[in-house]
Amino acid sequence: MDAVRQEFDPPPTAHGSTAQGEMTTPAPNLGAPHPGAPDSAGPVNGGAVTAVGGEAAPAARKKKRGYGLTFWLATIWLAVVLICAVFADLLPVQDPLTPDVINKLALPGPEHWLGTDGLGRDTLARLVHGARVSVTISVTAVAIGMVVGGFLGIISGFFRGKTETILMTIINIILAFPALVLLLVLLAFVGRSLVVISLIVGFLSIPIYTRVARATTLAVAEREFVRAARTMGAKNSRVLAREILPNVVLPVAAFGLVAMGVVIVLEGTLAFLGLSVQQPAPTWGGMIFDGKRYLSEAPHVVLIPSIAMFLTVLSLNLVGDALRTRFDVRGSNL
Amino acid sequence: MYVLRRLPSLLATLFAVSLLTFLMTSLLPGDPALQILGAENATPEAIAAVRADLGLDDPLPVRYLHWIGDALTGDFGRSYRTNEPVSAAIIDRLPVTAEIGILAIVIALLIAIPVGMLSAYRAGTRTDKLISSTSFGLLAVPNFMVAIFLILIFAVWLGVLPATGWVNFTDDPVQNLRSALLPALSLAIAEMAVYTRLLRTDMIGTLQQDFVTMARVKGVSNRRILFRHALRPSSFSLMTVAGVQVGAIIGGSVVIETLFALPGVGRLLLEAVLVRDLLMVQGVALVIAVSYVVVNFTVDILYSYLDPRISHGRSTARV
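Read top to bottom, the protein sequences are chains A and B. If you read the first sequence in my numbering, its first letter stands for residue 29, the second for the next number, and so on. If you read the second sequence in my numbering, its first letter stands for residue 116, the second for the next number, and so on.
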């Protein structure tokens, strides 16, 4: 979780210009005017949403228009994983739990397309069924984090004042714990079914979504169309629903995609620590962990699920990154 | 002074962190008395006696004050399982985690700084694209995967480094480094990718600044521009992120220490968590969280020395 945290949490640098040459504001603009005061001519968070407004340099814009081959390959891979997860029971794969005792640690071949593990279970079948765990955990966790965290972030970025101070204080305290430490402690005392793991990971990711959503909201709330809506007499609720929300959802969703990759890795980590979903249910992390025992004689048992996990996380990063560049919010307010 | 100005916020954070640690471990389900006694000895009278002995029946604020008061004097209580003092266990294990953590950061920086600078200097060229896509790819490799493949290559195939085990530095410095190298490398790979990408972005920004053009016009050599003029202003976010990333390293050390069978704090926490050794979990979690907060506070302070604008209040540093 921390790796992503920093990617989206650039600290306030004085020289923090981006690769596209857009200058970010030097620091969180805590003294920004309240959005309810349309006439105040205070400092505006300039530059933070240039890409949304399409003001980026022409060269950069040209690059952004097409998504390129890697983007589509990544999308296709993600679709395949999703299909595997949803239709695992219907797909023509073998049973993921039935051992084929004669063919232990078999190499990929006609009988077992991706070989077998140490108990002779079909690797392809286990990968397909394991995708279900990865997808369930990551989608649930990201959904919880995005909805709750996004809501809190928009509220605190829009209304500012005391709400913001209190929320951000709590969030900074939660972020003062290394994520995995918090997760371990909670898991130990609450239990570890698929549902519980998803819920806890989702709960723990709320703070970071709050920060992303808040930063985006701060930037959007300063923009001219929000002022226009206010001048025309729109109420808070209307401004929030019609002006702010649509502009915050996409950047937060792009972040959510990258965060999904982090959650998949987290499941793998938990499997390693013996804290993931109970055996013998196949999970990618569990497969890698089990395969470690046969590292010297049959490295492919570890290699194949590792590649699956790597490709999935890489694809999520690629797609998330491409979308993030498109809906760029340079996080000077994070 | 800047340090003094930031001190109240540090103390407030430390207080909040200790409160959260306490609440998290106290409010969650499971009766510690039952854990201590074990299911077979747990008569209602025995449970009541243990609860009274541990002060578990006191109201929460009283329990918190007792706990934090003892903790401040270095007394975190004793492990339910081994009866070992929690503080002794932590002090015993801390050097291992600190060593692989610091080694990981040093390795990551030693590689990331030159590579990131090269990438920024050659921005847009094939070299830059190769570096950028490699580090993007490395971001998608979890540390346990790195560890497994390092073990496969260096321990199983080449047989040059040990796959498990730990030798104390005082016993044999060379063996100590050998046993720390693979774990540190496993943690360093992802950090390296993060640092490289960050430095590249910031450096490209710096190299577009007027003072760099000025230096070029004056005929300053490229090397001197890169290292003497551009590196410092480009390294601010790198420093902060290195501080934030200590959290990832601490989290990673739980996995890596388990995988390499190292006697570190991460594994101590995991073992305590698995057997629900309440006081041990509380103590270790508190020490980890406090170290993390203090590291980031220190980075903030260092940062203000590197960039004087911060201590003069032009910029608002992160909390």
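What the hints contain is simulated information worked out from the structure, not anything from laboratory work. Be aware that a few hints might be false.
Every beta carbon over 10 Å from chain B, so not counted as near; a handful from chain A, in silico [unchecked claim]:
1. ALA116
2. ARG188
3. SER221
4. GLY289
5. LEU301
6. GLY302
7. ASP349
With the Cβ distance kept under 10 Å, some of the chain B side facing chain A (calculated, not the full set) [claimed, not checked]:
8. LEU169
9. LEU171
10. LEU254
11. PRO257
12. MET260
13. LEU267
14. GLY362
15. ALA363
16. LEU385
17. ARG391
18. LEU394
So the derived label-pair ranges between C-beta atoms look like this [to be verified]:
19. A:THR98 / B:GLY334: 33 to 43 Å
20. B:ASP325 / A:ILE104: 37 to 47 Å
21. A:PRO274 / B:LEU122: 37 to 47 Å
22. A:GLY189 / B:LEU142: 24 to 34 Å
23. A:GLY302 / B:THR197: 44 to 54 Å
24. B:GLY189 / A:PHE99: 48 to 58 Å
25. B:ARG343 / A:GLY146: 55 to 65 Å
26. B:ILE183 / A:PRO136: 55 to 65 Å
27. A:GLY302 / B:SER141: 20 to 30 Å
28. B:ASN337 / A:ARG270: 25 to 35 Å
29. B:GLU155 / A:LEU147: 27 to 37 Å
All C-beta atoms in this analysis are idealised placements derived from N, C-alpha and C, irrespective of residue type, glycine included.
Hint by hint, here is what the structure shows:
1. ALA116: holds (23 Å)
2. ARG188: Correct as stated: the minimum Cβ-Cβ distance to chain B is 15 Å, above 10 Å.
3. SER221: holds (14 Å)
4. GLY289: violated (7 Å)
5. LEU301: violated (6 Å)
6. GLY302: violated (7 Å)
7. ASP349: The claim is violated: ASP349 of chain A sits with its nearest Cβ about 8 Å from chain B, within 10 Å.
8. LEU169: Hint on LEU169 of chain B: violated, closest Cβ of chain A at ~17 Å, above 10 Å.
9. LEU171: At about 15 Å, which exceeds the 10 Å cut-off, the nearest Cβ of chain A leaves the hint on LEU171 of chain B violated.
10. LEU254: Holds, because the Cβ-Cβ distance from LEU254 of chain B to chain A comes to roughly 6 Å (cut-off 10 Å).
11. PRO257: holds (4 Å)
12. MET260: holds (5 Å)
13. LEU267: holds (6 Å)
14. GLY362: holds (4 Å)
15. ALA363: Holds. Min distance 3 Å.
16. LEU385: With a minimum Cβ separation of about 6 Å from chain A (threshold 10 Å), the hint on LEU385 of chain B holds.
17. ARG391: Given a least distance of 6 Å, the restraint on ARG391 of chain B holds.
18. LEU394: violated (13 Å)
19. A:THR98 / B:GLY334: 33 to 43 Å: Holds, at about 42 Å.
20. B:ASP325 / A:ILE104: 37 to 47 Å: holds (46 Å)
21. A:PRO274 / B:LEU122: 37 to 47 Å: holds (43 Å)
22. A:GLY189 / B:LEU142: 24 to 34 Å: holds (30 Å)
23. A:GLY302 / B:THR197: 44 to 54 Å: Given about 20 Å between the Cβ atoms, the range is violated.
24. B:GLY189 / A:PHE99: 48 to 58 Å: Given range 48 to 58 Å: holds, Cβ gap about 55 Å.
25. B:ARG343 / A:GLY146: 55 to 65 Å: With a Cβ separation near 56 Å, ARG343 of chain B and GLY146 of chain A satisfy 55 to 65 Å, so the hint holds.
26. B:ILE183 / A:PRO136: 55 to 65 Å: For ILE183 of chain B and PRO136 of chain A the Cβ distance comes to about 57 Å; the hint holds.
27. A:GLY302 / B:SER141: 20 to 30 Å: Since GLY302 of chain A and SER141 of chain B have Cβ atoms about 25 Å apart, the given range 20 to 30 Å holds.
28. B:ASN337 / A:ARG270: 25 to 35 Å: This hint is violated: roughly 52 Å between Cβ atoms.
29. B:GLU155 / A:LEU147: 27 to 37 Å: holds (34 Å)
Of the hints listed earlier, those the structure fails to meet are numbers 4, 5, 6, 7, 8, 9, 18, 23, 28, in rising order.
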